[in-house]
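Trainee: Given next are the chains, with one letter for each unit.
4 protein chains.
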Amino acid sequence: MKAIALNATLKTSDGDPSSTEKMLELLLSELEKEGVDGEIVRLADLNIKPGVKSDEGEDDDWPEVRSRVLAADILVLGTPVWLGQPSSVAKRALERMNAFLSEKDDGGRMVSYNRVAAVAVVGNEDGAHHISAELYQALNDVGFTLAPNAVCYWVGEAMGGTDFKELDKTPDPVSSAATMLARNTVHLARLLKANVYPPVS
Amino acid sequence: MKAIALNATLKTSDGDPSSTEKMLELLLSELEKEGVDGEIVRLADLNIKPGVKSDEGEDDDWPEVRSRVLAADILVLGTPVWLGQPSSVAKRALERMNAFLSEKDDGGRMVSYNRVAAVAVVGNEDGAHHISAELYQALNDVGFTLAPNAVCYWVGEAMGGTDFKELDKTPDPVSSAATMLARNTVHLARLLKANVYPPVS
Amino acid sequence: MKAIALNATLKTSDGDPSSTEKMLELLLSELEKEGVDGEIVRLADLNIKPGVKSDEGEDDDWPEVRSRVLAADILVLGTPVWLGQPSSVAKRALERMNAFLSEKDDGGRMVSYNRVAAVAVVGNEDGAHHISAELYQALNDVGFTLAPNAVCYWVGEAMGGTDFKELDKTPDPVSSAATMLARNTVHLARLLKANVYPPVS
Amino acid sequence: MKAIALNATLKTSDGDPSSTEKMLELLLSELEKEGVDGEIVRLADLNIKPGVKSDEGEDDDWPEVRSRVLAADILVLGTPVWLGQPSSVAKRALERMNAFLSEKDDGGRMVSYNRVAAVAVVGNEDGAHHISAELYQALNDVGFTLAPNAVCYWVGEAMGGTDFKELDKTPDPVSSAATMLARNTVHLARLLKANVYPPVS
Chain A
1 MKAIALNATL KTSDGDPSST EKMLELLLSE LEKEGVDGEI VRLADLNIKP
51 GVKSDEGEDD DWPEVRSRVL AADILVLGTP VWLGQPSSVA KRALERMNAF
101 LSEKDDGGRM VSYNRVAAVA VVGNEDGAHH ISAELYQALN DVGFTLAPNA
151 VCYWVGEAMG GTDFKELDKT PDPVSSAATM LARNTVHLAR LLKANVYPPV
201 S
Chain B
1 MKAIALNATL KTSDGDPSST EKMLELLLSE LEKEGVDGEI VRLADLNIKP
51 GVKSDEGEDD DWPEVRSRVL AADILVLGTP VWLGQPSSVA KRALERMNAF
101 LSEKDDGGRM VSYNRVAAVA VVGNEDGAHH ISAELYQALN DVGFTLAPNA
151 VCYWVGEAMG GTDFKELDKT PDPVSSAATM LARNTVHLAR LLKANVYPPV
201 S
Chain C
1 MKAIALNATL KTSDGDPSST EKMLELLLSE LEKEGVDGEI VRLADLNIKP
51 GVKSDEGEDD DWPEVRSRVL AADILVLGTP VWLGQPSSVA KRALERMNAF
101 LSEKDDGGRM VSYNRVAAVA VVGNEDGAHH ISAELYQALN DVGFTLAPNA
151 VCYWVGEAMG GTDFKELDKT PDPVSSAATM LARNTVHLAR LLKANVYPPV
201 S
Chain D
1 MKAIALNATL KTSDGDPSST EKMLELLLSE LEKEGVDGEI VRLADLNIKP
51 GVKSDEGEDD DWPEVRSRVL AADILVLGTP VWLGQPSSVA KRALERMNAF
101 LSEKDDGGRM VSYNRVAAVA VVGNEDGAHH ISAELYQALN DVGFTLAPNA
151 VCYWVGEAMG GTDFKELDKT PDPVSSAATM LARNTVHLAR LLKANVYPPV
201 S
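Read top to bottom, the protein sequences are chains A, B, C and D.
Under the working numbering, the first sequence has 62 at position 62, and the numbering climbs by one with no breaks.
Under the working numbering, the second sequence has 173 at position 173, and the numbering climbs by one with no breaks.
Under the working numbering, the third sequence has 188 at position 188, and the numbering climbs by one with no breaks.
Under the working numbering, the fourth sequence has 2 at position 2, and the numbering climbs by one with no breaks.
Just so you know, the hints here were simulated from the structure itself, not pulled from any lab data.
Keep in mind that a hint or two might mislead.
To be verified - EDC-like cross-link-like pairs, simulated, lysine to aspartate or glutamate; straight-line CA separation at most 16 Å:
id: 1; chain 1: C; residue 1: K49; chain 2: B; residue 2: D45
id: 2; chain 1: A; residue 1: K49; chain 2: D; residue 2: D45
id: 3; chain 1: B; residue 1: K2; chain 2: B; residue 2: E32
id: 4; chain 1: C; residue 1: K53; chain 2: B; residue 2: D16
id: 5; chain 1: B; residue 1: K49; chain 2: C; residue 2: D45
id: 6; chain 1: D; residue 1: K49; chain 2: A; residue 2: D172
id: 7; chain 1: A; residue 1: K53; chain 2: D; residue 2: D16
If we strip away everything but chain A, and leave its shape as in the complex, we get (with noise of 0.2 Å):
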């Protein structure tokens, strides 16, 4: 089993440390004690051209991207919080995958179906039940499958200004939703994989 989770910071790789990357390591280290192999991108990094097809033309980086993603069997989006809302990169990032909707396999099904979907939430203090809601909608729209508790978050007290990177320890409540999320959405990736959904007709 694959997972690919995207990271959406608004941060390339080359500034500061990016709490999302601490949040999204910590899930893949839960999910590689499921057996699942994992892998981040940085898509801040990257030229993704705004767009809604799968491929921008010239020097569009989506395109190899949507091939990790559909090499996986998992897709965990992280995303930091700005203005309670999730980051414009990880919305690039949901616009690009919008094209799922018209790219079907043979069976009249869209090319994402029968991989599990998770989100994952970072900020200094509220929106993460938004987040988690406009994600979900947005990944379950282009044929991704979610699992019970789907998100792992942390944010701080209302207008608070602690970043999850600067946290001496993973508070419990975060280690348990991390460990929760990583065996469902395994199990749930799995039962799939043995069992795709029907064809369309």
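Dock chains B, C and D against the given chain A, drawing on the hints supplied.
Mentor: Chains B, C and D alone, transformed into the frame defined by chain A:
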């Protein structure tokens, strides 16, 4: 296999016909083709008391509804659109399911686990995607699994006034969405019935 | 100048103390410093019937609340967070204000025009931004004006369990937000009282 | 009085016509009737770098856009609908305005205060209310004031495929909404220009 559909219209059964009811009947007929027995519960006919416990005391009709939800393999939550948002009746049902967060089985899993949820949305105009987002998130938080394309919806043109119940014919995209929702949801519910999520510890 | 605060907690007045009430009291004390008389209405104590008309018949307590809303210059809608979303009681009040869409004054403006709205949100953890988004949109749709920073909120750390009412001291950022909300809202309400929106035609 | 409209379509000016542009032109023509000079900025033509500062360094086109936003009395943010949500380009602009949270004038107010914002949304089908909710909240968080009915939108029937730019005639409800938005917004912008919010002190 059994399905329960909760109709969260603001109207009681003795009032005007409900467009949400018509949509839920369409979904139940599609589920029936997949071998699933279904029933519709009109929440506005009942006294679903405010609160976040499974039993809010005297005259509370939720405990009876809750039993039927847990006796089913599939939950369909149907809501009308008001101000682009889910109805207060839908929200009330979700608040009562908040109790699942602390109701666990022997394996430490919420009692709602291993059930698949789907969503139906009907309005004059606009609001379906947001409503599916909010309902997906709340249902996922309280333990339900979501198959791809887990919503069937109809809304008219911006600022329009036609109701779904007034349409002479169900639009083709709605029929197709209903069929796909039923097939995906039943496929997933069968898999989970035979292969429950792993215990938490 | 008059303000009315609607408390959309799920609890009646004879139950446990309400964190939302504590937040609304803070806001009313700040509004009072600006010369505004305020009152709090606990919606869960009343029979606000489901529907989208201003009067839903026998035993409906909304007509009385509606009169007080329209007699005020400022409306504060206060809600607890459940599942990251506004309460069913808050939604119920908004559905009833949906009737303003077709209730016009001599100038063709909704009867709610020239009033300023603000929002209060309280929860254990996470959800305030989304709730302010939903409430802003619904309140704006039904005719209210919004001053900048129109929300005062408190939520704790992710997956935490402390209630606002349990805090020994109101956190400084909350106090500052309350002051700013009061000043901005009153400033705008005064301007609109003296200079109403132009008639529609 | 001056207005700036940000067009957050995913398309550059040398591509297909933009439905969002058509909607913004309608709004600017209504604003012009109220004596307001307006201009449209196509964000996709520019290099708006990811980040939450007002200047993200070399080749960043945001500082120039930011100056024009602050030179205007009215900001209109126009976005297409993708997956029922605002575009990544709209989100990018909001993230850059996040910097206003720490940019204060002599009175301790955000530099964006005393400006009125409005929203334009265009899509094939569904999504306008949610988008206005998210944009209202983000714009309000970063200091803008909102007049009643601050959105003008068009979307078609559920799962439809017609674009706003393909309509032979602007539907009457859209024309009326545009007129009302312009009148309310200009009325409020005039009041705030003459009567700024009180200093924070």
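Trainee: Are the hints correct? Go through all of them and say.
Mentor: Results of checking the hints against the structure:
{"no.": "1", "hint": "C:K49 with B:D45", "in the structure": "12 Å, holds"}
{"no.": "2", "hint": "A:K49 with D:D45", "in the structure": "12 Å, holds"}
{"no.": "3", "hint": "B:K2 with B:E32", "in the structure": "9 Å, holds"}
{"no.": "4", "hint": "C:K53 with B:D16", "in the structure": "14 Å, holds"}
{"no.": "5", "hint": "B:K49 with C:D45", "in the structure": "12 Å, holds"}
{"no.": "6", "hint": "D:K49 with A:D172", "in the structure": "36 Å, violated"}
{"no.": "7", "hint": "A:K53 with D:D16", "in the structure": "14 Å, holds"}
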